[in-house]
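Q: Chains A and B supply the protein sequences, listed in that same order. Under full-length UniProt numbering, the first residue of the first sequence carries the number 1, and numbering increases by one thereafter. Under full-length UniProt numbering, the first residue of the second sequence carries the number 1, and numbering increases by one thereafter.
In short, the hints are calculated from the structure, not lab data. Note that the Cβ used here is the ideal one computed from N, Cα and C, for glycine as well. Treat the hints loosely; a few may be bogus.
[Said to hold, decoys possible] Taking lysine to aspartate or glutamate and the EDC-like style, the derived pairs with C-alpha atoms no more than 16 Å apart in a straight line are: (1) A:K188 / A:D82; (2) A:K81 / A:D126; (3) A:K191 / A:E159; (4) B:K291 / A:D145; (5) A:K291 / B:D300; (6) A:K205 / A:E159.
[Unchecked claim] Short, incomplete list of chain A residues facing chain B, as computed with Cβ under 7 Å: (7) N321; (8) F326; (9) C329; (10) E330.
[As the list claims (entries may be wrong)] Pair by pair, the computed Cβ-Cβ distance ranges are: (11) B:N166 / A:H358: 32 to 40 Å; (12) B:S214 / A:Y333: 33 to 41 Å; (13) B:Y315 / A:K381: 38 to 46 Å.
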Amino acid sequence: MNSSSCAIVTFLLLFIGCSARRLYPLPSENENTKKPLQTFRPFNVAHRGSNGELPEETGPAYLRAIEEGTDFIETDILASKDGVLMCHHDVTLDNTTDIAEHKEFTNRVKTYEVEGENKTGLFIFDFTLKELKTLGAKQSLSFRDQQYNGKFPIITFEEYIQIAISATRVVGIYPEIKNPVLMNQHVKWPKGKKFEDVFVEILKKYGYKGSYLSKDWLKQPCFIQSFAPSSLVHIHNQTDLPKIFLIDDVDVTTQDTNQTYAEITSDDYFNYIKKYVVGIGPWKDTIVPVKDNYLQTPTDLVTRAHAHNLQVHPYTFRNENQYLHFNFCEDPYMEFDYWINTIGVDGLFTDFAGSLHHYQEWTSQSPGKVDATKLLKNISKMIRKFEFSIRK
Amino acid sequence: MYSSSFTIVTFLLLLVGCSARRLYPLPSDNENTKVPLQTFRPFNIAHRGSNGELPEETGPAYLRAIEEGADFIETDILVSKDGVLMCHHDAILDNTTNIAEHKEFADRVKTYEVEGQPITGLFIFDFTLKELKTLRAKQWFPFRDQQYNGKFPIITFEEYIKIAKNAPRVVGIYPEIKYPVLMNQHVKWPKGKRFEDVFVEILMKHGYKGSYLSKEWLKQPCFIQSFAPSSLVHIHNQTDLPKVFLIGNVTDRTPDTNQTYAEITSNHYLNYIKEYVVGIGPWKDTIVPVKDYYTQTPTDLVTRAHAHNLQVHPYTYHI
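Chain A on its own, in the form it takes in the complex (with noise of 0.2 Å):
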């Protein structure tokens, strides 16, 4: 009697703390609380997270991006010998890892084309999850932070996911499908299914869904970017989600339908590609080009763009003197002016997202609540001086 009551017992426990609901709810239920995304200004974009603080596309990059303000954390995915999507920007490891202290792998070092080009190193997807989560992250740029290195591991697309929607308020995501050519090349999934296949399933695991600015958007805003426009058009019914078409330089051609720059940003193409994508994200300098590190003429690319409903996220805003052209003075902040006010643009990738989420905030505060009264006030303060040239 006594052991078959204690099995009841026992079991009825288990019953209950296996269907017991938690006493308290996870940072990502509480939805309803979340400061939302802004929409009012450009996005600020944290290109591979505050990487000019912390290693690239680390956890511990997108926590601070995060903390800094920024509205979308973007990451590139690569994927794994074993088909585990991966974020991280170069397809070597060489640079941004300490895998050159791994003995272990060095004869993996081998060569292959990537995009038309010989490229010799560590290759990415040559490396299981496993093995990829025994190397440490580091800093790849030399006048950058170095404290860190070795430090973090580099993360999935999942994990990344989930430091999004963990956040305290709304942070959007901006994965890239990089590489797709190379990645279908080498990695294969089961049931037929390729690199973008599997890239869009993630994205709805988690919940992500919605065209741009719709509700199911707002709660988790996510824009998807590649330079492959197939990958994009691959895409397209799979998921509604807004998709953004990235231009290289003008002497580069997309790596799977070798077109040229001027090609892909004719108005011709944009009539074809607004069908499909919500906007573009070119390198900055094709947009205005440079000359003995001064600006020169803008060219009329944002302005074609608008006019086909396209948004203009350009890459990339660094704070470095080295990447600030002179017209500049030197001030990341001089920059950002002119790309927000001079040129229009609608969203910018930034490695210091810290900075632009500072000049944003001290340049265009959020509308808020308008009080009528003070606007009218102001409106006949503004029209008080011409009274006399009207009444004449």
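Assemble chain B onto chain A, guided by the hints.
A: Chain B alone, transformed into the frame defined by chain A:
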């Protein structure tokens, strides 16, 4: 008859011409309409002009700084061989001018002791004003805009003052009595005058006077700065213009009195020097020490300076 009336007319015309008023005022005449110096927030001091964009201490560097809204344009005063006060930071001309291209000067390379260290180069006080004016300034930081190299001359103290006075708004000057020990060693002025005396004379000649925030001072604001406390004390009775005592690194000593950083930043010293200066200009990394490119806990230097009613103008903020 003809020639004498002609003479009279010519004379009359000369008389009228010489005594007539200008038909238009020069900018510096319009003092009543100039936007005054702001005094409600910390001073923006253009260190060597906008030398981030243009070669340091040149006319265009100062004009650019004024255009950009600086409150004060700052300069370092050294001396030419013939005793003319010049705007130039380095004792040598090698890094900031194209003197290397002037083969006629190559034989004047010298080695002198400058504040305890031997320096070799072409020293400014070995060249007359005329010779200095054949040189052209260059941007010595390689990562800054090099396009103006060889275009602008180095300027005199008086030319610098005129730039400030002719600005369309009130712009202050912030000249430094630089290397006074070295200058007095190598250059002599008549009547036994010292470098510091000539410095003040020029300021007075151009109407600079008045204690800090006085009416006169606000019309033509000016801070006199120096690393040499004895120079500041020396001119104390010559002008009531406010003076700022510059403080170097923790390992440096004053060039004239050989005092240590610890000594000249002590409460005792601040108590003494405040009779002569309105503020201090310390190197910012001594106010807040730096380790591995990170700032550490701030020292109490600013707090103590303020307790002695001394302003603090640290140098230098680079991007």
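Q: Against this structure, judge whether each hint is valid.
A: To see whether the hints hold, each was checked on the structure:
Taking the CA atoms of K188 of chain A and D82 of chain A, the gap is near 8 Å; set against the 16 Å cutoff, the hint holds. For the given pair, K81 of chain A sits about 5 Å from D126 of chain A by alpha-carbon distance, which is consistent with the 16 Å threshold. Proximity of K191 of chain A to E159 of chain A is assessed by CA-CA distance (about 25 Å); at most 16 Å being required, the pair is judged violated. Of the supplied pair hints, the one linking K291 of chain B and D145 of chain A holds, its CA atoms being roughly 13 Å apart against a limit of 16 Å.
Among the hinted pairs, K291 of chain A with D300 of chain B is inconsistent with the structure: their alpha-carbon atoms are about 48 Å apart, more than 16 Å. At roughly 13 Å between alpha-carbon atoms, K205 of chain A and E159 of chain A fall within 16 Å of each other, so this suggested pair holds. Annotation: N321 of chain A was flagged as interfacial toward chain B, and the flag holds, the nearest CB pair being 6 Å apart, inside 7 Å. Given the 7 Å rule on beta carbons, the hint for F326 of chain A holds: about 5 Å separates it from the nearest Cβ of chain B.
With 7 Å as the threshold, the beta carbon of C329 of chain A comes within range of chain B, its nearest partner Cβ sitting at about 5 Å, so the hint holds. Using the Cβ-Cβ criterion of 7 Å, the hint placing E330 of chain A at the interface with chain B is satisfied: the shortest such distance is roughly 4 Å. Taking the beta carbon of each, N166 of chain B and H358 of chain A are about 36 Å apart, inside 32 to 40 Å as hinted. For the pair S214 of chain B and Y333 of chain A, the beta carbons lie near 36 Å from each other, so the given range of 33 to 41 Å is met.
Between Y315 of chain B and K381 of chain A the beta carbon distance is about 43 Å. The supplied range of 38 to 46 Å therefore holds.
Comparing the model with each earlier hint shows violations of hints 3, 5; every other hint is respected.
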